[in-house]
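Fit chain B with the ligands to the supplied structure of chain A, relying on the hints for placement.
Top line first, the protein sequences correspond to chains A and B.
Under my numbering, think of the first position of the first sequence as 1, with each following residue one higher.
Under my numbering, think of the first position of the second sequence as 1001, with each following residue one higher.
Rather than coming from a laboratory, the hints here were simulated on the basis of the structure.
Backbone N, C-alpha and C define an ideal beta-carbon position, used for all residues, glycine too.
Keep in mind that a hint or two might mislead.
[Unchecked claim] If you want the footprint, here are the derived chain B segments under chain A, 3+ residues with CB under 8 angstroms:
id, region
1, 1046-1055
2, 1059-1070
3, 1080-1093
4, 1169-1175
5, 1428-1437
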Amino acid sequence: MIEEVKVVSHRFNINNSHLLDTILSYGAYRVLPIGLSMKKDSILDMIVQSGLRGKGGGGALAGEKWLLMPKDDPRPSYLVVNCDESEPGTFKDRQIITKDPHLLIEGMILTAYAIGANIAYIYIRGEYQDFEAILQKAIDDAYEKGYLGENIIGKNFNLDITIHRGAGAYICGEKSALLESLEGKRGHPRLKPKAKEPEWYFGNPTLVNNVETITSVPFIIENRAAAYKRFGTENSSGSMLFALSGHIEKAGVHEVAFGTSMLEFINQFGGGVKNGKKLKAVIPGGSSTPILTADEVAKATLDYETLRSLGSSLGTGGMIIMDEDTDMVEALKNLLEFYHDESCGQCTPCREGTGLTDTLLAKILDGRGSSKDIDKLLDLADIMNGKTICVFAPAVSGVIQSFISKFRDEFEKKEIK
Amino acid sequence: MSINIKIDDTNFEVEDNSLLIDILLKNDIKIPHFCYHEALGADGNCRMCMVEIAGQKRPQIACDTFAKEGMEVFTKTASIHAVRQDILELELINHPIDCPTCDQAGECKLQDYYMDYGFYESAINSSDKIKHEKHKDLGSNVILDQERCVLCARCTRFTTDITKTHELGIIGRGDEARVTTMPNKKLDNPYAMNIVDLCPVGALTSKDFRFSQRSWLLTSSPSVCHGCDKGCNIYIDHNKLKYQDAKIYRFKPRYNKNINGHFICDEGRLSYKELEENRQYNLLSDNKVISKNIAIETLNSKINSYKNNITILVDANLYNEELEAIKSYALSIGAKIFSPLSSYMDNAFGDDWLKSSMRASNAKGIKSLSINTEITEDYTTTGLLINFNHPNPDLLSYLELVEFKTHINNEKDKEENLNLIFPLAVSSESEGTLINKNNITQYCKKVINKNSPTPTALEWILDITGDIK
Ligand SMILES: Cc1cc2nc3c(=O)[nH]c(=O)nc-3n(C[C@H](O)[C@H](O)[C@H](O)COP(=O)(O)O)c2cc1C
Ligand code: SF4
Ligand code: SF4
Ligand code: SF4
Chain A
1 MIEEVKVVSH RFNINNSHLL DTILSYGAYR VLPIGLSMKK DSILDMIVQS
51 GLRGKGGGGA LAGEKWLLMP KDDPRPSYLV VNCDESEPGT FKDRQIITKD
101 PHLLIEGMIL TAYAIGANIA YIYIRGEYQD FEAILQKAID DAYEKGYLGE
151 NIIGKNFNLD ITIHRGAGAY ICGEKSALLE SLEGKRGHPR LKPKAKEPEW
201 YFGNPTLVNN VETITSVPFI IENRAAAYKR FGTENSSGSM LFALSGHIEK
251 AGVHEVAFGT SMLEFINQFG GGVKNGKKLK AVIPGGSSTP ILTADEVAKA
301 TLDYETLRSL GSSLGTGGMI IMDEDTDMVE ALKNLLEFYH DESCGQCTPC
351 REGTGLTDTL LAKILDGRGS SKDIDKLLDL ADIMNGKTIC VFAPAVSGVI
401 QSFISKFRDE FEKKEIK
Chain B
1001 MSINIKIDDT NFEVEDNSLL IDILLKNDIK IPHFCYHEAL GADGNCRMCM
1051 VEIAGQKRPQ IACDTFAKEG MEVFTKTASI HAVRQDILEL ELINHPIDCP
1101 TCDQAGECKL QDYYMDYGFY ESAINSSDKI KHEKHKDLGS NVILDQERCV
1151 LCARCTRFTT DITKTHELGI IGRGDEARVT TMPNKKLDNP YAMNIVDLCP
1201 VGALTSKDFR FSQRSWLLTS SPSVCHGCDK GCNIYIDHNK LKYQDAKIYR
1251 FKPRYNKNIN GHFICDEGRL SYKELEENRQ YNLLSDNKVI SKNIAIETLN
1301 SKINSYKNNI TILVDANLYN EELEAIKSYA LSIGAKIFSP LSSYMDNAFG
1351 DDWLKSSMRA SNAKGIKSLS INTEITEDYT TTGLLINFNH PNPDLLSYLE
1401 LVEFKTHINN EKDKEENLNL IFPLAVSSES EGTLINKNNI TQYCKKVINK
1451 NSPTPTALEW ILDITGDIK
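For reference, chain B alone in the conformation it holds in the complex:
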């Protein structure tokens, strides 16, 4: 049922009994808060989200106030400003002044709110501030600085209510209270690093990201994780420093109510490294760098000599548009096309939350394009195999292998691979759509522009077919 409320003299039509803080956040009305989080609910401990409600003697916290017909809310009065300022002052009383060396600087709620409500002198000397552990390795790549913590309990509520792994707790009372791990426990769950994002300040930092880049230098581009066919939404945080190449520094979860909510798994989060490391950049034949023209000529002559005996394998992580192009290419040269999906199954990885055992981000795309997902028993080839980055070409026997590949798989691959090799762009350097396990189609735009870009599958097909008259 919808009702009418008034916020700072503007009328709003909202759902009866909905949470006031959600209404404020949804309508972009400034409401400072540390502890409330949509995924974790209200805890009421930080006391920052104070608002005035007509008829109520005292200010109320918006995270524990429900909208009622005719309610009048004030978020900008002088008295509310004063209350928020007072509470912020207390929040900062024992806070170290670490901003110059703190990774959170630039995306820190304490800093933001200080700019909104702060600007006062500290009531105590910095030497009187309470000292706690500055560097506590919680496990799972998470480092805790207890002094920076505002005790919002988001991290402990995450491990208690969301992952239910119970590694974290708050010990000590009053201003001695601090977050720590349970006795003889380390933070150890596949979603642990989400607490770094949940932490509104720089108390929790990622071992992987710490000190690598100031947050304000990063560009956040929306994308989708390629770690499995769940297709969790992410931001790719990247930066191109002067005279250097574009580089990815981290993945962060991007909210999507229908897919991953607010979170992603740690493996997916760290998979950004794969986009940078062990990349295949050279066009090779007999382990020698060759020119593009020669490579294409060589490929075309192989195709001519293996007529009717050509098979194409495709990676189930390629975008639909790429798959489609490869599929028509296969048709044009009379090749069979497969994408064996069993190569991507990883039962140890899957769980009943986000992580899926199908570790190919576009397995559903393969199916929707009716590309064979298994190699039928009676199918044998001894001819030419053209592999578009499928991880397991040895599923088939072949006389010759031509590879379009994003990565150098190992040392042997680097030194002894005599095949014709075309370097292929990784997902962040290409663009297209993916279909996730729940049949949701998502578009990923090209995020990374390298100084010397590696061609995408689509670009290669255009180049190659351009030559076939």
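Excised from the complex, chain A in its bound form:
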């Protein structure tokens, strides 16, 4: 029996948990006085010690990123929370903003305090209009009760939070494209810096973290790093919201410790594959992670290291379950249509590669393909890997390679038709 962990989800089941009046009686904002009385360095240290990893897909150590923020810099610092959540199969951040928005706000205040930011933005996916309304109300209420604005809870710290709505581009979830978009420009990822440095918003040092990463902060400050590290594995410390969708009895989001068995998770929380069918494959962490066969799923545990050793990655923890009847060529076509539509179009290999792979796969599905086309798909995957500005194209490359290498016979059968 897997035990659920309650770092960010402990108030999800309370009625009207999104309302400040309700949630105050369940301890909302109780960590603020502790955090705002601490030295900034002690908070930074605590986050480093906790081993907290970014939950937006990359899994970077949060503490390392926070330490990149300059200490005595004349420029203002900014905190930007990434709530673009557009990765297919991923719907965890929206649980947080609709079920416990005040925990996110509390986490933002503590984070902003630690990095010395007085202005924070939440970049929210354009389609999340209804959820944004809930989040905005929470922010308004927090202002009214003195949790936001000037002299928060009477302390010498100010913070303003503004929500910025995206316009429906998946690429704006990539942090540098997000910042371009926030600056009012086209959402194009930026060239990577040569050395480790913070992100830049209008040339000012900026920290970008995922919603869930920031929402984990109050727990760590209240219970100390060791309490967080108790969950999870040596290198993947803590817990994460994992999502189930696809051919599953019960789709949903559950928080468990890293290292949990994937199959057990699927069976216990999802009630197994839909209609008692056999499991064929799982896309483990949002559509951009390479697919796992049922055999691999049996070996998989939900942590960064294990999934990497299986040639995939933990990503956003959004698992897409596929039953035995799934047509893998159709499934890949579905994904490629998405990437074809969402490539930002900057880099030649990605702009043209996403289109061409989609076109070739359509040809194969039409029965007009040949094994030459399958090889061409693999060639294209190779061209898209490691030659672009952001990791969008390499991710597509990994997806194509995993589908074809693991299910090549299904692709070949299509040609004969």
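Frame of chain A; chain B with the ligands shown alone:
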């Protein structure tokens, strides 16, 4: 600080931290690229300038790689060739095959690189290629063919970062991305046509030049624009077709770090037309064509009869050598010489970049020769005025006017001008030096040789003074 790097087994001493692509370009090492441009910097979108760096797992783009001590760069390995070929193939996947009707053909980077890396079969049918707008009038004489565009963003970066006029942007994502104008905006800035030169392919063409000449038929001769005293460096692209006269088809900017960088203004660019249109070709007196001997005789007899009452005006666009000759000529016939510069001032034209309000290309030359730049109040003449193409002879009162002129100014000038008129060669048909506003002296060689050449000021002076014994 200078450091040592190795490129394809040759050692180079370069500035620490300098951009690899600049080093390669400077040393004439082949490095295909669409988006990088010295004036616009790196954007990293085309991915063509891939090189191998020892110790790096993946190929790197040279436009975003900085030289470091001991760096080993490989630009010619088989794997780099393959990568460039792959990326070029994708660049061409949706590209129309327009070369036969495309103005860029012959000076197109896509064509050049295809010859270097291409030669493969297309992976899709031409009917499956993505369709976009083929003829989009952006404004300012620039036509966009979205299908030919390789989305290098040079044009958008020019209007965003250089002119800061923000007329252009890229809309749409993935292979639907395309360049367009911002809503309710037209391309509208005095430097707009530079994007035609910046465009590495035939996506942007000049309305003025389109379909007028194939690029490989043109000869490019270095010269200097005469539009103002900035003296931007240009190429005069001209051609002499069989049985026809030499003709200028366009001006293009010529790089000069100290003057105009990579660009010129649109007005200067289009000023080539003035070198061809409304030219004064005939020697006239009383609006009748006369012979050279008679013209010179007539002039000399006028000079004799107006002794001590002669004034000479000179155009501040003439070359120093011409001005000098005219100046000594003035001295020899006892004439005063002026070049009023106020006639050339055009404050609406000037800006704080290239365009200068002083619209005479050799105003500084006039000054350096100590020719009077204004007509002093106490100076009056009622005698003979000899005007070497100065635009405003009516600044002075005179009894008689003799004109050396390059152009017929208007209809009236054509039909009713009874003066003695000597046709004068334009700048492209003459040669000499100019001094620009920053005191840089530049030489312009004679570029155009007409079938029946019009004499230059220098040639006229020689002819005329040859007669005065
Ligand atoms: C194509 C692409 C899409 C992304 N989308 C998201 C997203 O929707 N939400 C998110 O938090 N991170 C997303 N990321 C990851 C962000 O770039 C960034 O790493 C993350 O927001 C950092 O926060 P974290 O360290 O807390 O995870 C995306 C990355 C890529 C390459
Ligand atoms: S890899 Fe694709 S999505 Fe990323 S910057 Fe390049 S074109 Fe845009
Ligand atoms: S842009 Fe170049 S490759 Fe394309 S049609 Fe014109 S000349 Fe040919
Ligand atoms: S129109 Fe030309 S300059 Fe502009 S993006 Fe396209 S190829 Fe580049």
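Status of the hints after comparison with the structure:
Restraint check on the region 1046-1055 of chain B versus chain A: 4 residues with Cβ-Cβ distances below 8 angstroms, three needed, restraint holds. Residues of the region 1059-1070 of chain B with a Cβ under 8 angstroms from some Cβ of chain A number 3, which satisfies the need for three, so the listed coverage holds. Given as covered by chain A, the region 1080-1093 of chain B passes the check, having 6 residues with a CB less than 8 angstroms from a CB of that chain where 3 are the minimum. Given as covered by chain A, the region 1169-1175 of chain B passes the check, having 6 residues with a CB less than 8 angstroms from a CB of that chain where 3 are the minimum.
Restraint check on the region 1428-1437 of chain B versus chain A: 0 residues with Cβ-Cβ distances below 8 angstroms, three needed, restraint violated.
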